[in-house]
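J.: Each chain is listed here by its residues.
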Amino acid sequence: MASQEIALTLNRAPGTSLVDRLHRLVVTVDHKELGLMYIGTALIFLVVAGLMAVAIRLQLAVPNNTLLEPEVFNRFFTMHGTAMVFLVGMPIIAGLGNYLVPLMIGTRDMAFPRLNALGYWMFVFGALLLYFSYLGAPGLNGHGSAPDVGWFAYAPLTGRAFSRGHSTDYWILSLLLTSVGSTVSAINVVVTTLTLRCRGMKLMRMPLFVWMMLVTNFMIILALPSLSAAQIMLLIDRYLGGHFFDTQSGGSAVLWQHFFWIFGHPEVYILIIPGFACLSEIIPVFSRKPIFGYPVMVGATTMIAFISFGVWAHHMFTVGMTSVGNTFFAISTMLVGVPTGIKIFNWLGTIYGGKIRLEIPMIFCLGFLFQFLIAGLTGVMLAVTPFDWQLSDSYFVVAHFHYVLIGGLLYAIFAGLYYWYPKAVGRLLNRKLGLWHFWLFTIGFHLTFDTMHFSGLLGMPRRIFTYDIGRGWEMLNLIGSVGAIFQAVGVLCLVINLIRSLRHGKVAGNDPWDAWTLEWATTSPPPVYNFENIPVVRSRRPLWDVKHPEDPDWKYEDSGEQGESIR
Amino acid sequence: MTNEATLPLASERTAWKLPSSRKVAVVCLILTETCLFSIFVVAYLFYLGKSLTGPTPREVLELPVLSTICLLSSSVTIKLAESAFKKDWERLFRILWALTVGLAAIFLAMTALEWRRLIYEKGLTISTNLFGTTFYSLVGLHASHVIVGLCLLLVVFIFSLTGDLTKMHSERIQMISWYWHFVDAVWVVVFTVVYVIGR
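Taken in sequence, the protein lines are chains A and B.
All you need for our numbering is the position in the first sequence, starting with 1, plus 3.
All you need for our numbering is the position in the second sequence, starting with 1, plus 1.
Please note that a few of the clues may not be correct.
[To be verified] No more than 25 Å apart at the CA atoms, straight line, and that leaves these computed lysine-lysine pairs for DSS-like: (1) A:K435 <-> A:K558; (2) B:K24 <-> A:K205; (3) B:K24 <-> B:K87; (4) A:K435 <-> A:K205; (5) A:K558 <-> B:K87; (6) A:K205 <-> B:K87; (7) A:K550 <-> A:K509; (8) B:K24 <-> B:K80; (9) B:K87 <-> B:K18.
Calculated from the structure, these hints are not laboratory results.
Pulled out of the complex, with its shape left as it was, chain A reads as follows (with noise of 0.2 Å):
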């Protein structure tokens, strides 16, 4: 134990003062620093939004409540699901991917580091530009403060006519900046994984995480242009007196909803892809099986990234469209549902039978499937186009999209955190924080997302500041703020495990879970160069095979082909 304290030390950055620590910072393009730099920031903007969707809730939670002005009400939501989408979960997941991608996939660094570090950089300021609309948007004319208008912006609504002032310019021109640094940090993980993998990691070793982290950000590629061509356009209109979404002229009221949600749903599965990436790590190493059914999870992945692009209008069941378009848009969404189930009941067959270990990854883990799953059968409730007639921008849809990516993807997330924290820092997080955290946090979560399903059914719209007595949403919403309190104190305990566990977090050691991916094949944390000889791999679980040797996974493993393997 004494020697690998002294290794840690060791291990630390030779310069130690303040300044060079910032220096290093900024000009570092190291895939690891720029990853955890990602997950830093992205962990600073999920305090502040998550802040604001408590003062939000603190608002909400009795009737005729005076707490946040109706203006800076509208101002909360906003930012609070702008900031959630693109400066938590965007940035979290260019983070989890910029770390592990190289080390699973066995090479030094990302294919392009430079252009590593632009994207983190964008991604800086874009999100510093929204939050600075706070004090830049009523610079000179007084009008509007942090943008008002929706995470989604809906024109003509945010048109010059309606929505004067620079709130909305500042929430188009961030977002176009995080955008293209998404892009390009997307574009290098997918050159990564095709062009960088070690000898014998064939597309179809690949680790799980790693596949869907592909599939993820070659969606990113695809998807993104979407929204920025979407915002150039309102941009046209803003500045220039173009007419594309201005309804006086002939422009088009749905346009916008449409091209929004051509890049807004495909959005939802490239949040919650990372988090069955995580799953798909953490299930197999805790219940001590390989996963159930590798190549069908692969084929699930792409089938759900392939079936999103074809679900955008489900989104817009209100606006009147034909019944022809409903009704397509009604099934392709069900469809999303079976590559969906499949990768539950792949999951579950990974834990049926296994010698499971409850360490907090694998807790959260389980929050996931219990919960993801609710989230996916309202998901199916909601795609039924009559349902949606009635309950579209209800509570019931904040309940649905919350069970999916806080039920979903945050509590992916936070396994991930609990699982990879010992290689990134050399400590394991505190166990019993880390217990507290996921009471407090599950209990909380249900205590607000499972009333809210009822407030939605008994008619509470959405993004109402405040309601009035004798509507019967009273007792419902007292019982949701309260669960945000919660969940507040659930990522405290987070917060201080994390920083905690930095000094007095117990040793690690390189492969603390006995796990089977590469990236537990080098120290915690890794070298700069994290590895000193490339690996080479002959199956999907390659530590398996080192610790195994007697009984290694590529006996099994595409038999047939065993001509390429080394001996």
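Mind docking chain B on chain A? Use the hints.
T.: This is chain B only, laid out in the frame that chain A set:
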């Protein structure tokens, strides 16, 4: 002992070849640009004939035959230049490359003249009607890509004059050529949509 120490080491004897990073990256870039253009093309087609006031495309647009010929033949010259570079025919490469630059410049100049005519003689600006908005956005987006391409071409040309272009840049030149082919292909679509279908 770390797990790493016991992993088998890379051996040179087995074949292990993956595609070039640069090529895959440029293909990805072209894919994402294609998506960007398709949204603008869809917007153009969607708003065809929906302008409430004139002028209409039929009234003001003329077939840009000469500039189209220039741009499309520049795809041929850059391809020839690329193979000349591979064969180390430096003189021929420089001539063909300069020809490509010239053809691109002619295309841009023709576009500028067309816009000038539309704005000053026909009174069509980006804010005149839906046609103006979609026309200038789509054609302008393409023209901006031509400008970027022209800058890349010029940089390479300058390097070839200063003698800084060596055999190791062969793949980079190929990538610029891929991008240029993409810009040309987009023009074929824009030409069809704006000047053939839309007129």
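J.: Do the alpha carbons of K24 of chain B and K80 of chain B lie within 25 Å of each other, as the hint requires?
T.: holds (16 Å)
J.: CA of K558 of chain A to CA of K87 of chain B, is that 25 Å or under?
T.: violated (45 Å)
J.: Starting from K435 of chain A, check that the Cα of K558 of chain A is at most 25 Å away, please.
T.: violated (41 Å)
J.: Please work out if K205 of chain A and K87 of chain B have their alpha carbons no farther apart than 25 Å.
T.: Between K205 of chain A and K87 of chain B the Cα gap is close to 32 Å, so the pair fails against 25 Å, i.e. violated.
J.: What's the verdict on K24 of chain B and K205 of chain A, does the C-alpha distance respect the 25 Å limit or exceed it?
T.: holds (19 Å)
J.: Decide if the proposed pair is consistent with the structure: K435 of chain A and K205 of chain A, CA atoms, cutoff 25 Å inclusive.
T.: Given that 25 Å is the threshold and the Cα spacing comes to 40 Å, the pair is violated.
J.: Is the Cα-Cα distance between K87 of chain B and K18 of chain B 25 Å or less?
T.: holds (22 Å)
J.: Measure nothing beyond the straight line between the CA atoms of K24 of chain B and K87 of chain B; if it is 25 Å or shorter, mark the hint as holding.
T.: Holds, because 17 Å separates the two Cα atoms, which is no more than 25 Å.
J.: Within a Cα-Cα threshold of 25 Å, do K550 of chain A and K509 of chain A meet the stated pairing?
T.: Distance ~24 Å between K550 of chain A and K509 of chain A Cα, so the pair holds.
Checked against the numbered hints given earlier, the structure breaks hints 1, 4, 5, 6 and satisfies all the rest.
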